[in-house]
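Since chain A is already given, all that's left is putting chain B on it; use the hints.
Number of protein chains: 2
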Amino acid sequence: MSLLVVGSVALDSVATPFGETADALGGSAVFFSVAGSILHPVQVVGVVGSDFPLTALYALEQRGIDLSGVEQAKGESFRWKARYSYDLASRETLETRLGVFADFRPKLPAGFRDAAYVFLGNIDPELQLGVLDQVKAPKLVACDTMNYWIQSKRDLLLELLRHIDILMVNDSEARELSGDWNIYRAAQWILQRGPKMTVLKQGEHGALLVDRTTTFKVPAYPLQDVFDPTGAGDAFAGGFMAHLARNGDLSPPNLRRAMVYGAAMGSFAVEAFGIQGFDKVTPADVRARVQAFKQLVHFDVDGPAGP
Amino acid sequence: MSLLVVGSVALDSVATPFGETADALGGSAVFFSVAGSILHPVQVVGVVGSDFPLTALYALEQRGIDLSGVEQAKGESFRWKARYSYDLASRETLETRLGVFADFRPKLPAGFRDAAYVFLGNIDPELQLGVLDQVKAPKLVACDTMNYWIQSKRDLLLELLRHIDILMVNDSEARELSGDWNIYRAAQWILQRGPKMTVLKQGEHGALLVDRTTTFKVPAYPLQDVFDPTGAGDAFAGGFMAHLARNGDLSPPNLRRAMVYGAAMGSFAVEAFGIQGFDKVTPADVRARVQAFKQLVHFDVDGPAGP
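Residue numbers (this note's numbering), protein chains in the order written: chain A, 284 to 590; chain B, 284 to 590.
One chain only, chain A, in its complex shape (with noise of 0.2 Å):
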């Protein structure tokens, strides 16, 4: 079933403790597709200026990503840089250029509307129903965002989540949106304004998935070396999304599975610098990483001899 995402097509500068990158190819449309792209044929709607390295494009076409929905406007990229703290803990951003992003309005080529999959990316809620608008029939819709919007669009926001299936966002950002500070009833709480679920974000420590009834919560990967947090959650979001597609499957069975899915590909996020995480990462590397998180958590409630 096909997969659209949303998003930023980006050129990050990041520093680390481990070193640091200058216009690397980045943006949440870009790490959601390349994480996803290694399950599932995946479709992009973004925007890049007419300084984009056209390279950096082709790279991701030869992974099998569809770019026929990124235009090239005039102008200048979008570029986000920042530096993180000597622990990964925390990050400054340093500097943000919109850019051609400024401007963005999202098209859909004809042959994305038909689109099964939808994630909408961290951008403007009024863009993000703009393409919701777009597409005809979408099979699961979910959906990013950020502080600065449920400060700055609270309304269209909220407009927003009675149109999607799934909120996915930090744990900060649904204590912000909720107004409470307990993650459990601060997903339920966003749960009451629309979505069937929400997945809950929260780096180090993992994922959560919560419906009305159930949660689910998969660990983060235990990694002795982190390189680079960035683009993490996009690449969680793209490995989510791309177990579903493939198989169609939207059993609590299989959503579970899409969440392993994802946190599998958070962990090739952060062992490398931007998308290089996932150089050579096949679909087997995937699912023998799915395999260890079964063994990071698994356990009997009995033992042969009882409890």
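There may be inaccurate statements among the hints.
[Claimed, not checked] For lysine-lysine, the following DSS-like pairs were computed, each having C-alpha atoms within a straight-line distance of at most 25 Å:
no.: 1; chain 1: B; residue 1: Lys364; chain 2: A; residue 2: Lys577
no.: 2; chain 1: B; residue 1: Lys479; chain 2: B; residue 2: Lys436
no.: 3; chain 1: A; residue 1: Lys390; chain 2: A; residue 2: Lys436
no.: 4; chain 1: A; residue 1: Lys479; chain 2: A; residue 2: Lys422
no.: 5; chain 1: A; residue 1: Lys479; chain 2: B; residue 2: Lys577
no.: 6; chain 1: A; residue 1: Lys577; chain 2: B; residue 2: Lys577
No lab work stands behind these hints, which were simulated from the structure alone.
Same frame as chain A, now just chain B:
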């Protein structure tokens, strides 16, 4: 198999956004033994002052806890006073009055020296070593500590590590002890100093069991209402050790199960003030919560139709 704990028996005054207590029964040995005794008898070594309410001790004995190793000394009991932040994520210690605890030299009754399972609660590592000297042939020794001892008695703590099987600490303490912010590297650092395993407690994010080759993660139980985090770590230890002591099985699958019993006890601890969370909790309640943990993390790598 007999289970022994040495630690503090205290009078806690705790304020949270939901209420406060004054001189309530607390301390590491108390939370450990109250949780543990639901599953298995617990022997306690500790000290109280001449002002300690005997009704509180009687209540412990009613739970089947053996207090014959708790001496009553002349002077004031150990008192601890703290206030939690609005979201319970941090706390400020307002007062610590050691009282008779300052001169505490644990002495094991003859009947306690055969203990098979030993938990050394968070006290001076010199005293922890002194307790170990009095135990004849323990099958499993686990040990807690805190930043204060890591800073002030590092050499004794490193000596202690050579004589224990499991170091059970908060992730921040593991970071401080090892000097490494990555908790998985910190765990390996600890394992190189003696213990076969380490349990890293992560508060609202659960706990990790790490040995040289594998990692097991148990999340915290999702609770919409948390009233008082005090004692959750000691209750965790009580559940963990009591589960092992009651079936005497140190196999990896049973150690994982013990982690979940620990996490279940931690969740009961935080649902009410002090030890009140354990009032009326039966072994069947604990088992039901262990099964709820299974539902929280369970997934199958393969679905009916493949991945």
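For each hint, the structure was consulted:
1. B:Lys364 / A:Lys577: 42 Å, violated
2. B:Lys479 / B:Lys436: 22 Å, holds
3. A:Lys390 / A:Lys436: With a Cα-Cα distance of about 21 Å, the restraint between Lys390 of chain A and Lys436 of chain A holds, given a limit of 25 Å.
4. A:Lys479 / A:Lys422: 13 Å, holds
5. A:Lys479 / B:Lys577: Given that 25 Å is the threshold and the Cα spacing comes to 23 Å, the pair holds.
6. A:Lys577 / B:Lys577: 12 Å, holds
Checked against the numbered hints given earlier, the structure breaks only hint 1 and satisfies all the rest.
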